[in-house]
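Novice: Line by line, the protein sequences give chains H and X.
Basically this note's numbering = 1-based index in the first sequence + 186.
Basically this note's numbering = 1-based index in the second sequence + 1.
Note that these hints are calculated values from the structure, not bench results.
No residue lacks a Cβ here, since even glycine has one placed at the ideal position from N, Cα and C.
Mixed in with the good hints there might be a few duds.
To be verified - Not everything, but these chain X residues come out facing chain H in the computed CB check (under 7 Å):
#: 1; residue: Ser-97
#: 2; residue: Phe-102
#: 3; residue: Leu-149
#: 4; residue: Asp-154
#: 5; residue: Gly-177
#: 6; residue: Ser-178
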Amino acid sequence: MKMSSKNLLFHLVILLLAGACKKDENPAAELQDGKSTVILDLAGDTEAAMSENTPGKVKRPFNIFLFRFKDQKQIWIRNAADSAKYLKTSEWDIAFTGPYNSEIYVNDKSYPYNPGYGGAAESAVVLLHQAYERVVMAPADSEFDNSDITKIGWAASESSGGWFFYSLSSHIMQAIPNRTYVLRLPDGKYAKLQLLNAYKGNPPSVTDLNWPAPYLTFRYYVQQDGSRNLSATD
Amino acid sequence: MITIHVRHAFKWVFILSLFSSLSPGCSKVEEPETEPVEAGSAPYNKLITVSNFGEALPAGSEPLDNLSPIYFSLENKTAAPVEYRKTNRWDLSFSSTYRSFMGGNNGTDKNNFGADGPGKGGILILEKNFDEVIDIPADDLFKSGSALIGTDDAGAFGQGLGYYIYDFDGRIQGDGSYDKQHVAYVFQSNRTIVVRTAKGNYAKIKMLSIYKDLLDPATWKRDSPHPFFSFQYVLAVAGSKKFEIK
Numbered sequence: 187m188k189m190s191s192k193n194l195l196f197h198l199v200i201l202l203l204a205g206a207c208k209k210d211e212n213p214a215a216e217l218q219d220g221k222s223t224v225i226l227d228l229a230g231d232t233e234a235a236m237s238e239n240t241p242g243k244v245k246r247p248f249n250i251f252l253f254r255f256k257d258q259k260q261i262w263i264r265n266a267a268d269s270a271k272y273l274k275t276s277e278w279d280i281a282f283t284g285p286y287n288s289e290i291y292v293n294d295k296s297y298p299y300n301p302g303y304g305g306a307a308e309s310a311v312v313l314l315h316q317a318y319e320r321v322v323m324a325p326a327d328s329e330f331d332n333s334d335i336t337k338i339g340w341a342a343s344e345s346s347g348g349w350f351f352y353s354l355s356s357h358i359m360q361a362i363p364n365r366t367y368v369l370r371l372p373d374g375k376y377a378k379l380q381l382l383n384a385y386k387g388n389p390p391s392v393t394d395l396n397w398p399a400p401y402l403t404f405r406y407y408v409q410q411d412g413s414r415n416l417s418a419t420d
Numbered sequence: 002m003i004t005i006h007v008r009h010a011f012k013w014v015f016i017l018s019l020f021s022s023l024s025p026g027c028s029k030v031e032e033p034e035t036e037p038v039e040a041g042s043a044p045y046n047k048l049i050t051v052s053n054f055g056e057a058l059p060a061g062s063e064p065l066d067n068l069s070p071i072y073f074s075l076e077n078k079t080a081a082p083v084e085y086r087k088t089n090r091w092d093l094s095f096s097s098t099y100r101s102f103m104g105g106n107n108g109t110d111k112n113n114f115g116a117d118g119p120g121k122g123g124i125l126i127l128e129k130n131f132d133e134v135i136d137i138p139a140d141d142l143f144k145s146g147s148a149l150i151g152t153d154d155a156g157a158f159g160q161g162l163g164y165y166i167y168d169f170d171g172r173i174q175g176d177g178s179y180d181k182q183h184v185a186y187v188f189q190s191n192r193t194i195v196v197r198t199a200k201g202n203y204a205k206i207k208m209l210s211i212y213k214d215l216l217d218p219a220t221w222k223r224d225s226p227h228p229f230f231s232f233q234y235v236l237a238v239a240g241s242k243k244f245e246i247k
């Protein structure tokens, strides 16, 4: 019984990796759908580490960076002056915070741990358990209003709202499939967002703890006409 | 090319078998240590205190390891063995990192440890003191998954509103010294967990500590024995609108 379930798992893993292998040949092209913006390997704070003795890195908190959807502008927050200049403004849509810039906040003034706390922007996030391309409609506003997703980061379990699993024993940070985040942006527009990887090159899986990171790969689509239509294919 | 992927796969399987090999070591402690308890033996409307529920983690466990869950019956005030997983004889699961993530028992949620069982429970957390939680929340507010409530966004690896702060660097609540790093600070106020039990009754819970015999946050250190959960709760019978202590 135990063996057979292990065998099943083994074959599943093979299948998954084989499937990922095909995509591997041109990850960016695979992610393009005609309308979405694909960001491949955006360098985060590559000099920081969670612990001592990480080659080429120093143990310190990760600098956060902000990102603006409309022109892909990356804004670094390295000191108090940067914080004062940017955090409470509407010049950014999402913030990459926490370990390896892996915890993403959508600019919002009402939540104390949001980098935009006390600022100008209001937003909300809903997690849909669907593949990115299958998300074609933003949910009702009541779902945004009732959502308790405060940030998009580590997932403690399948039931969590985060985008990745992580285990120190396997040294793997792994994006969870079929998790698409629908955002209600400060200007009222709807968007969908998929986080794919924090490892350089968007590899399907990593076994080397020192694989270059964080290099964020993600894609998003903002519906500019204000409607709920999130279909990003022509 | 294929060999490389096979090697990856082996590693995954190896890791997973390692994980499953940990489980038998836990079975000893997952058996209830006390004599079987009569169903429904914990009284309604009384303050019930639980001290040090849990068991030592397997040797060599890392903080983020996904550990085998343990189960607790609020209605019986006792641990429930893993064999009861698909019954309504437990109300709370403790799993994931440090086994510190809590969930209810719900048979309809495939991500619940009680999936396909009779449990009709759920869980939620409020940013309120225990005494201030009087009204029982509406049933549709309870969440049905497992490992739902744990780290708070005030600390590292936060999962929204949680019942403890994970102080990775030891600088949020401590002085940054070695002993105060990686401490889990349970909110002893301003957080209340509300559970719908597997049988449809209700409980409100005040978490106190995850450190064995240590309830004072000043005494919590990275190596203090954990996770051993101490908490207080009050049960209310199904259909109640309010929590009361009589």
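Novice: Go through the numbered hints given earlier and state which of them the structure violates, listing their numbers in rising order.
Specialist: 5, 6
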